[in-house]
Structures are given as C-alpha cells and as structure tokens.
Amino acid sequence: MLDLVPDTVMDRYLNSTQTAHDRQDHITRSILQFVKMYSAHFQQEGGFIVDAYAQRALMYGVPRSVEVMSSLLLAPGRFAARCSVCGATGEQSILTFNLQLEERLQAAYRGAQVAAFWVLQSITGEPVHPPDVLITEPDPQYPPEAVALSQLRALRHGNAAACFLHASPENKAAVGPLQRFSAMLRSLPQFAPLLAHETDGAHCPRLVAVEQLSSSSVDIDIAVLPSTPEMRAQFSNQRIVFRWSMKLQPGPQHKNCWMTDAVRLHRLQS
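In this note's numbering, the protein residues as written are 6 to 275.
These are calculated hints, taken from the structure and not from any lab test.
Treat the hints with care, since some could be wrong.
Stated by the list, open to error - What follows is a set of in silico ranges between Cβ atoms, one per label pair, in the way DEER data are often shown:
no.: 1; residue 1: His134; residue 2: Ser222; range: 16 to 26 Å
no.: 2; residue 1: Gln111; residue 2: His134; range: 26 to 36 Å
no.: 3; residue 1: Thr129; residue 2: Cys209; range: 12 to 22 Å
Stated by the list, open to error - Straight-line Cα separation of at most 25 Å, SDA-like style, residue types lysine to any residue; simulated pairs:
no.: 4; residue 1: Lys41; residue 2: Gly66
no.: 5; residue 1: Lys177; residue 2: Ser250
no.: 6; residue 1: Lys41; residue 2: Val124
no.: 7; residue 1: Lys41; residue 2: Pro234
no.: 8; residue 1: Lys260; residue 2: Pro132
no.: 9; residue 1: Lys260; residue 2: Leu273
no.: 10; residue 1: Lys260; residue 2: Val124
no.: 11; residue 1: Lys260; residue 2: Ala93
no.: 12; residue 1: Lys177; residue 2: Glu131
no.: 13; residue 1: Lys41; residue 2: Cys91
no.: 14; residue 1: Lys177; residue 2: Leu200
no.: 15; residue 1: Lys260; residue 2: Gln243
no.: 16; residue 1: Lys41; residue 2: Asp226
no.: 17; residue 1: Lys177; residue 2: Ser192
no.: 18; residue 1: Lys260; residue 2: Glu175
no.: 19; residue 1: Lys41; residue 2: Ser187
no.: 20; residue 1: Lys41; residue 2: Leu9
no.: 21; residue 1: Lys260; residue 2: Leu200
no.: 22; residue 1: Lys260; residue 2: Val119
no.: 23; residue 1: Lys260; residue 2: Ser192
Here a beta-carbon is modelled for each residue, glycine too, at the ideal position from N, C-alpha and C.
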C-alpha cells in the first residue's frame, strides 16, 4: 500500500524535521505507522488522508467483505470509488477512495521511462446507518463514532438509559447503577451541555476529531453549543468539546462492540 502513496506526500515527509533514521524507520515499519506519523506532522496541510474508519477497516485487520457501490471518473486523472466494507470485527462502514494519476519513473530497457500510475489521495469513511439513528443495543456493526453520537442524542432527549447501554463494563463498575448515573448527569454542571444543546442546522453537534489510538482504542471529540442563555454565558458563547474514550470489547459479553469508558469536558472551541 505504501507504493500507492503519492511521491509529493512521501517527499514532504522525508523533508520534515525528523532525523533521516526515524523517518525511514517509520516508513518501512508499516503503512499504518506512516499514516499516523504523517498525520501528526502535516494534519493541517492535507493532501493525504486515511481516516479512523479506513484505519480500522483496512489496516488493523483483513476485511470480511468489500463491495463496490459506485465509481466515477471525476476528471481526467481523477477517480473516486465508494465501497461498502465489513471489517474483521464486523464493523460496517462506507469507504470513499480518491485517486489521481501521477507520473513516475519506472525501469525500462537501457534506462528509465515516465509512466502514469494511480495513487491514493485519501480514504475516508462514514457509517452505513443514517446519523440520526438511535442505537438501542450494542452491536459489532456500529462504528465508535456512531455509538458516541447516539449516546449524545439519547442524553439530549433525556434518555439516560439508552446512553448507559453503551457504557463499558469498566465504566459501569466505576459509576454504579443507572440511577446513580442519571443523578450524576443532573448534578455535575460540566455535563449540563450534554443534556441541553442545539441540534438544528449550523448549530448542531460536530464531530471535530477522531484519533485511532490502537485497534481497540479510540478518542472521539464532539463539539456542542449550549441551548440556554445561562449556559452560553457560562461558556463565553463557545462550543464545548467533549471527549469520548472508547474501547473495543474483548468479550465474551458484547464481544467486538465499541463501548464508552469515559466522557469528559475536553476544551472550548470558538
């Protein structure tokens, strides 16, 4: 897969401030290591993206199934394909592959010649199910992003039980039963924006960052805008970013389901 990385992307990385030894070590170890190191250094510059959906589906295991849904030649030298993917753990997602033609040197008789190759610009994912679906039971098919947004939706509608369903066993052991969880949500002021936030148009919750820490661990940042004047004043009319820390359950109960270990107020977003 490293052969599909554009030369411009590889050159940018090799010319970064890291030592040559470290750069080469990260590149040769694996495409996953390269993706993570490149994203850490050039996240703002863009140009090459393999997001958390794609990492889980393609780099942490062999997919169970891949089905091409559509493909399109966007322009001369630009191509896109959308695929329905079931990952090794049963997680379902839709991946979009964006490719472009790049001229490269290749070996030829008595020298080299220039040839055109398709290279990756990005692989990005999205959930199979509509974003407004309330997930009523843990299931391996649901990606962690969908689970986190479903929990937030449940809290907004005052349904603490639907949120508590997706708390991990460790989380439940620390928090206690549902009644205590509900009381905690109502009593702690830092959680108030989770219960009362805007849901319409430009003010709806935003998924602002996803960091795939390992095959079984992910941090998801969601920004919400408080819906009451009092809370907006308290938080200086800024969005509040909450971080979901989630784990893939080893089983036997809820095996391969993404569940929440913790949710905490992370930062403010102007």
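The hints, checked one at a time:
At roughly 23 Å, the beta carbons of His134 and Ser222 sit within the given window of 16 to 26 Å. Checked against the given bound of 26 to 36 Å, the beta carbons of Gln111 and His134, roughly 43 Å apart, lie outside it. Look at Thr129 against Cys209: about 20 Å separates their beta carbons, and that is inside 12 to 22 Å. About 16 Å separates the Cα atoms of Lys41 and Gly66, which keeps this hinted pair within 25 Å; it holds.
For a cut-off of 25 Å, the pair hint linking Lys177 to Ser250 stands: about 14 Å separates their Cα positions. About 18 Å separates the Cα atoms of Lys41 and Val124, which keeps this hinted pair within 25 Å; it holds. Taken as a hint, the Lys41 and Pro234 pair is broken in the structure, with Cα atoms around 40 Å apart against an allowance of 25 Å. Our distance criterion of 25 Å between C-alpha atoms is met by Lys260 and Pro132, whose separation comes to about 20 Å.
Restraint check for Lys260 and Leu273: not satisfied, since their Cα atoms lie roughly 34 Å apart, outside the 25 Å limit. Distance restraint check for Lys260 and Val124: the Cα-Cα separation of roughly 36 Å exceeds the 25 Å cut-off, and the hinted pair is therefore not satisfied. This hinted pair checks out: Lys260 and Ala93 have alpha carbons roughly 13 Å apart, not beyond 25 Å. Pair hint Lys177 plus Glu131 does not hold up; C-alpha atoms about 28 Å apart against a cutoff of 25 Å.
With a CA separation close to 22 Å, the supplied pair Lys41 and Cys91 stays within the 25 Å bound. Taking the CA atoms of Lys177 and Leu200, the gap is about 20 Å. The hint holds against a cut of 25 Å. Restraint check: the Cα-Cα separation between Lys260 and Gln243 comes to about 38 Å, which exceeds 25 Å; the hinted pair is violated. In summary, the hint linking Lys41 to Asp226 is supported, as the alpha carbons are separated by about 18 Å, within the 25 Å threshold.
Restraint check: the Cα-Cα separation between Lys177 and Ser192 comes to about 18 Å, which is no more than 25 Å; the hinted pair holds. Between Lys260 and Glu175, the direct Cα distance comes to roughly 14 Å. Compliance with the 25 Å bound is thereby established for this hinted pair. Simply put, Lys41 and Ser187 have alpha-carbon atoms about 37 Å apart, too far for the 25 Å limit, and the pair is violated. Note on Lys41 and Leu9: the hinted pairing holds, with a Cα-Cα distance of about 16 Å set against a maximum of 25 Å.
A C-alpha spacing of about 29 Å is found between Lys260 and Leu200, which places the hinted pair above 25 Å, so the restraint is violated. For the proposed pair Lys260 and Val119, the alpha carbon gap of about 50 Å is over 25 Å, so the pair is violated. Annotation: proposed proximity of Lys260 to Ser192 is violated, straight-line Cα distance about 32 Å (limit 25 Å).
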